[in-house]
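Q: Sequence:
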Amino acid sequence: MTSELEQDALFDSKLIPDAVSEALGPDYSIRPLSKGDHARAHLGLLAGLTSAPDTGVADYEARFNVLRTINLAVPSTPTYVTVCIIQKSDDRMVGCGTLVLEHKFIRAGGSVGHIEDIVVDPSVRGKSLGKRIIEALTGISERLGAYKTILDCNKDNIAFYEKCGYIHKEYEMVRYTSQELVDRYKRKL
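Taking this note's numbering, the leading residue of the sequence shown gets 1, the next gets one more, and so forth.
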């Protein structure tokens, strides 16, 4: 019988490499993001990384449902994979990260894994939790057949990602959309 948490999971937890779960030790667990993670302060954790205003449970669950619906279209190859590290002593989310699988026409219909939004609560940094998140997402990307896994980071984090097996290659370019335009298009959806 599947638990309520598994029924509300963003993706199948079997994709998470066992070695990552084992490396976390007895104090932490790793699992897929679940619909109820608003209550575990998922957005508060993300706010330590970037703008992540809490727009309420209904909006959180609506966004989750969109991502899960996309994943359910092809459950064996989910597009959105967010893993969470939970501190067992208080059931608190203390780390998370996302893999977005981009399906391409090049490389014989290959896929690229994009790692995004890696964050660890400051109170538990230095325990290799960020490394475990990267290992989990990289392992999932490889299991899903991505021919490469990429990520963007600021200059201060390059050494960390190199320790995780990533190499510095190329440059990121960005163009931000004005908030006015974002808001205008959101209203039309």
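It is worth saying that the hints were derived from the structure and are not from the lab.
A few of these clues could be false.
Pairs of lysine-lysine, PhoX-like flavour, derived with a Cα cap of 20 Å [claimed, not checked]:
1) Lys88 - Lys127
2) Lys88 - Lys131
3) Lys104 - Lys127
4) Lys14 - Lys35
5) Lys104 - Lys148
6) Lys131 - Lys104
7) Lys163 - Lys127
8) Lys35 - Lys88
9) Lys163 - Lys148
10) Lys127 - Lys148
11) Lys148 - Lys131
12) Lys169 - Lys155
Note that the coordinates shown come from a computational prediction; the quantities given were computed from them, not determined experimentally.
Q: None of the hints should be skipped; say for each whether it holds.
A: Checked hints:
Between Lys88 and Lys127, the direct Cα distance comes to roughly 15 Å. Compliance with the 20 Å bound is thereby established for this hinted pair. Annotation: proposed proximity of Lys88 to Lys131 holds, straight-line Cα distance about 19 Å (limit 20 Å). This hinted pair does not check out: Lys104 and Lys127 have alpha carbons roughly 36 Å apart, beyond 20 Å. At roughly 18 Å between alpha-carbon atoms, Lys14 and Lys35 fall within 20 Å of each other, so this suggested pair holds.
Between Lys104 and Lys148, the direct Cα distance comes to roughly 12 Å. Compliance with the 20 Å bound is thereby established for this hinted pair. Of the pairs offered as hints, the one joining Lys131 and Lys104 is violated, with about 28 Å between alpha carbons and a cut-off of 20 Å exceeded. The hinted pair formed by Lys163 and Lys127 meets the criterion: a straight-line CA distance of about 14 Å does not exceed 20 Å. For the proposed pair Lys35 and Lys88, the alpha carbon gap of about 19 Å is at most 20 Å, so the pair holds.
At most 20 Å may separate the alpha-carbon atoms for a hinted pair to count; Lys163 and Lys148 meet this at roughly 17 Å. For the suggested pair Lys127 and Lys148, the alpha carbons sit about 27 Å apart, so the restraint of at most 20 Å is broken. Between Lys148 and Lys131, the direct Cα distance comes to roughly 18 Å. Compliance with the 20 Å bound is thereby established for this hinted pair. Using a Cα cut-off of 20 Å, the hinted pair Lys169 and Lys155 holds, with the two alpha carbons roughly 12 Å apart.
Hint check: violations occur at hints 3, 6 and 10; the rest are consistent with the structure.
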